[in-house]
Amino acid sequence: MWEYTDKVQQHFLHPLNVGEIENPEGTGEVGSLACGDALKLTLRINEDEVITDAKFKTFGCASAIASSSVLTELIKGMKVSDAAKVTNEDIAEALGGLPKEKMHCSVMGREALEAAIADYRGVILPMAEGEVVCECFGVTDLEVIRAVKESDLKSVEEITNFTKAGGGCGKCEDKLRELLREAHSGTGIAEMIKPVEKQAKMTVLQKIKKIEEVLEREVKPALRKDGGDIELVDVDGDFVMVSLRGSCKSCAKSQMTLKEYVEKKLREQVLETLIVEEAK
Amino acid sequence: MECDEKSVIYMDNNATTKVSPEVVDAMMPFLTGCYGNPSSMHNFGGQVGLAVKEARRKIASLIGADTEEIIFTSCGTESDSTAILSALQAFPDKRHIVTTRVEHPAVKNLCENLDTLTGHKHRITKLKVGDDGRLDLDEYRDALSEDTAIVSVMWANNETGVIFPIAEMARMAKDRGILFHTDAVQAVGKIPVNLKELDVDFLSMSGHKLHAPKGVGVLYIRRGTPFVPFLTGGHQEGGRRGGTENVASIVGLGKACEIAERSIEIENTRVAELRDKLEEGLLTTIPKARLNGHKMERLPNTTNISFEFVEGEAILLHMNEFNICASSGSACTSGSLEPSHVLRAMGVPFTAAHGSIRFSLSVYNTEQEIDFVLEKMPNIISSLRELSPFWQEA
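Those sequence lines, one after another, are chains A and B.
Taking my numbering, the leading residue of the first sequence gets 28, the next gets one more, and so forth.
Taking my numbering, the leading residue of the second sequence gets -16, the next gets one more, and so forth.
Treat the hints with caution; some may be incorrect.
As the list claims (entries may be wrong) - Below, a list of computed lysine-lysine pairs in the BS3-like style, where the Cα atoms sit at most 25 Å apart:
id, chain 1, residue 1, chain 2, residue 2
1, B, K104, A, K234
2, A, K181, A, K127
3, B, K111, A, K198
4, B, K157, B, K109
5, B, K1, B, K41
6, A, K198, B, K104
7, B, K197, B, K1
8, A, K291, A, K234
9, A, K84, B, K260
10, A, K82, A, K106
11, A, K84, B, K271
12, B, K109, A, K198
13, A, K103, A, K82
14, A, K291, A, K247
15, A, K34, A, K82
Bear in mind the hints are in silico, worked out from the structure with no lab data behind them.
Remember, it's a predicted structure, so these values are computed and weren't measured experimentally.
Could you put the whole structure together from the sequences, leaning on the hints where they help?
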């Protein structure tokens, strides 16, 4: 059912560099049996800090196996400092692309490489400092933010495709949305990502009170300036029945007033589905 | 488009089945010269109506129902939704449903979305299953309440083949005056179903699981059961399901049911033997392989086996290289990121759930095919285990 490129199929059916290096200079292990994806990467690094050999062992699907295989081919011969710059996009590109739901497999490859390099240098992964936001898949906030920034992700769905976060019980969805905004803030994209506002259902009484409030505070003073007025007659579901008074009653532009002004104001400030009609 | 059917070893019959050549022959007139609308006044349409009637009779015969108790739908999923939503509307004060944790998404997702769908709050009890996939009847008895609108329990599980004690469960529901629905999509055509001897009120059936075409289903509604239609519109199906009948597929389904009355015997003998040979062979030649589901109380054609330390999609794609078709409960093949909810409900550890493969046979499988699969699988599993960081050679 996945549309895999020829390169993915090739690397899956005939993977390169399978195995484990004896006494490796760097080892990176990520994932787990529980996750459904795991990768163990071992590196041979010489005194000039060049990766002379790399081997992998992977538990996972065709994308995971192919990503691991192509990763080892990419980094063989690279200086460690260059290998540290390899991203999951590089891995996916080297495979001619991966289905979007499988992008997290390429992310796993990159994480294993990072872990192996950190192991070689004897440092703790900066990513290890993160706090787990997705409990189902053990994904941290730092991992999410990095994925968003590096792969320019624009939705929670994309975060799930790249990190698996949010793909289980879904409880972390709000937190993911927050992280998405955080990651984008300062670049103007934060404007585009609006949090889904769960509109609490208003009772009829609450609705009427709010409508009256807006009419009193804003609409009536404006109409009165021109010698007109407006009265709330009834509220039926989303229908707001009003009665125009004074000069508004005989004004040719009364319909326009109702729709362009009154309805717009009420939609903005009370409920976006309201419809304003003149009471007969 | 041409598909190379001859070279494929098809062991995914719980996903869908081959349409029997006899069924295709029975359908052809209705895709060519006999194109009338069964509801029309003229003879050209009316005679088509007779063919639909005859199909209905054959289907009723297979499952021990009366012809008036059969309505045609587009699929098993529609039948499931129709039954459950009908019960909720027939008894608007009852907001409780008893079902299981291993139902097909057609039932599972419907129940989970009922609140959003109807605007009312519902209480859904999902009965647990043991590690062999079976239910606890005491838990079931305790779950039934005054507030229960309907019970919906599948007859046979699509992933493991495990069969539930429908006769007893339907009787227990009847004793409490509660409607009983069963999704029998996987059971009909494979094992005997006789509604005359049961207290079942609603039963769902799907054409493409028993060698009829895709796009046709059946809902059995016991005479006297309060019923509210799901698809309203024209007067088809006695006003119970609007929409012009899928004549060709209905006729095909009728033919398939006629054939099934004869072939159920074969399913439970020859096909069961092939399944047993396959299962036995895999479990003995491949280490760290385990069967998922009860060995005895299950469909004769299904075996669900977990191969530890390797992943399902990878196994299937290697099998695909040999044109062997099956399916898996792994996360990667589920369309979501989680492995099969059925295996998880059975307590199958993640380590095994990800590497599960379901083989589901039919009357079209041969012993040579079984032997071929037994020849190829050990190598496939061992080559993937060589790649796996979790597999230690003993």
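Structure-based check of all given hints:
Distance check on the hinted pair: K104(B) and K234(A) sit about 23 Å apart at the alpha-carbon level, within 25 Å; holds. At most 25 Å may separate the alpha-carbon atoms for a hinted pair to count; K181(A) and K127(A) meet this at roughly 13 Å. Only pairs whose Cα atoms come within 25 Å are accepted, and K111(B) paired with K198(A) is accepted, the gap being roughly 23 Å. Distance restraint check for K157(B) and K109(B): the Cα-Cα separation of roughly 19 Å lies within the 25 Å cut-off, and the hinted pair is therefore satisfied.
Taking the CA atoms of K1(B) and K41(B), the gap is near 20 Å; set against the 25 Å cutoff, the hint holds. For the proposed pair K198(A) and K104(B), the alpha carbon gap of about 20 Å is at most 25 Å, so the pair holds. For the given pair, K197(B) sits about 10 Å from K1(B) by alpha-carbon distance, which is consistent with the 25 Å threshold. Between the alpha carbons of K291(A) and K234(A) the distance comes to roughly 16 Å, so the proposed pair stays at or under 25 Å and holds.
At roughly 33 Å between alpha-carbon atoms, K84(A) and K260(B) are farther apart than 25 Å, so this suggested pair is violated. Between K82(A) and K106(A) the CA atoms are separated by roughly 16 Å; this keeps the pair inside 25 Å, and the hint holds. For the hint linking K84(A) to K271(B), the alpha-carbon distance of about 19 Å falls within 25 Å, and the restraint holds. A distance of roughly 20 Å separates the Cα atoms of K109(B) and K198(A); the hinted pair therefore holds under the 25 Å criterion.
With a C-alpha separation of about 10 Å, the suggested pairing of K103(A) with K82(A) holds against the 25 Å cut-off. Taken as a hint, the K291(A) and K247(A) pair is honoured in the structure, with Cα atoms around 14 Å apart against an allowance of 25 Å. A threshold of 25 Å between alpha carbons decides the hint, and for K34(A) with K82(A) the separation of about 19 Å falls inside it, so the pair holds.
When the structure is compared with the earlier hints, a violation turns up for hint 9 alone.
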